[in-house]
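Based on these hints, arrange chain B on the given structure of chain A.
Single-letter residue listing:
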Amino acid sequence: SQQGEEDPQALSIQEGENATMNCSYKTSINNLQWYRQNSGRGLVHLILIRSNEREKHSGRLRVTLDTSKKSSSLLITASRAADTASYFCATDPYGGATNKLIFGTGTLLAVQP
Amino acid sequence: DTAVSQTPKYLVTQMGNDKSIKCEQNLGHDTMYWYKQDSKKFLKIMFSYNNKELIINETVPNRFSPKSPDKAHLNLHINSLELGDSAVYFCASRSNGQGVKVGYNEQFFGPGTRLTVL
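Protein sequence lines, in the order shown, are assigned to chains A and B.
Each residue of the first sequence is one higher than the one before, counting from 264 in the numbering used here.
Each residue of the second sequence is one higher than the one before, counting from 37 in the numbering used here.
In isolation and in its complexed conformation, chain A is listed as follows (with noise of 0.2 Å):
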């Protein structure tokens, strides 16, 4: 399977800690893309991050990259109890069919107020 892995599948924490949730993939890649999902509706996209970049800011949300290890990871600062929801990685495959994501298995954040 092409699938990505998340870890860890759940993850709670205190409203202020801050969340960290890792993504591996096993193609080379284009971009990787993370987008949250609240339960009962879709998925909405957080931010992206291009092969050739190593770390991204957007608000509270910071990611990395690391090619080399076919990883990355979405650090959430300072949670806040509507950050709870599923987190998913999408790798955007190079070489692969035009606009096809492959995506992660999700982690579950629940944060406690």
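Treat the hints as calculated values from the structure; they're not laboratory data.
Any given hint could turn out to be false.
Said to hold, decoys possible - Label pairs and their calculated CB-CB ranges: (1) A/K319 / B/Q50: 39 to 49 Å; (2) A/Q277 / B/N115: 44 to 54 Å; (3) B/S56 / A/L338: 40 to 50 Å.
Unchecked claim - Cβ-to-Cβ under 7 Å is the rule here; a few derived chain A residues that face chain B: (4) G305; (5) L309; (6) K363; (7) G369.
Stated by the list, open to error - Below are the DSSO-like pairs computed for lysine-lysine, each with C-alpha atoms no more than 30 Å apart in a straight line: (8) B/K55 / A/K333; (9) B/K55 / B/K88; (10) B/K55 / A/K289.
Where is the CB? At the ideal position from N, CA and C, for every residue including glycine.
What follows is chain B alone, placed relative to chain A:
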């Protein structure tokens, strides 16, 4: 205004029936997708259309037939529904990037259709 909409939101039906799910996007995007998310939340691509042309067709039973009457719509028809078809089906769209400076790689998802086959 809803960017990507799907109907119905919930669909409960008997095994063997035929059903359709509809998707519409008002973002002016050229590419649309169908994904299936199972009970473990694994999300897998099923089909992709670009300007009404099928460009991705994953290993999906031929009971599933997508149809794109125009680039703003992508429907999914499922024949002879089976218990294993129960899942949440998501439609998504993406710009091809022409004339778009940023964000054209991201996909915009609909709210999902929860299909339950009894």
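Evaluated hints:
1. A/K319 / B/Q50: 39 to 49 Å: Roughly 48 Å apart at Cβ, these two residues keep to the hinted range, so it holds.
2. A/Q277 / B/N115: 44 to 54 Å: 49 Å, holds
3. B/S56 / A/L338: 40 to 50 Å: For B/S56 and A/L338 the Cβ distance comes to about 42 Å; the hint holds.
4. G305: This interface hint holds because 4 Å falls under the 7 Å limit.
5. L309: Constraint on A/L309 not satisfied, violated at 9 Å.
6. K363: Holds - the Cβ of A/K363 comes within 7 Å of chain B, reaching about 6 Å at its closest.
7. G369: 5 Å, holds
8. B/K55 / A/K333: Distance of about 40 Å is beyond 30 Å: violated.
9. B/K55 / B/K88: 21 Å, holds
10. B/K55 / A/K289: 36 Å, violated
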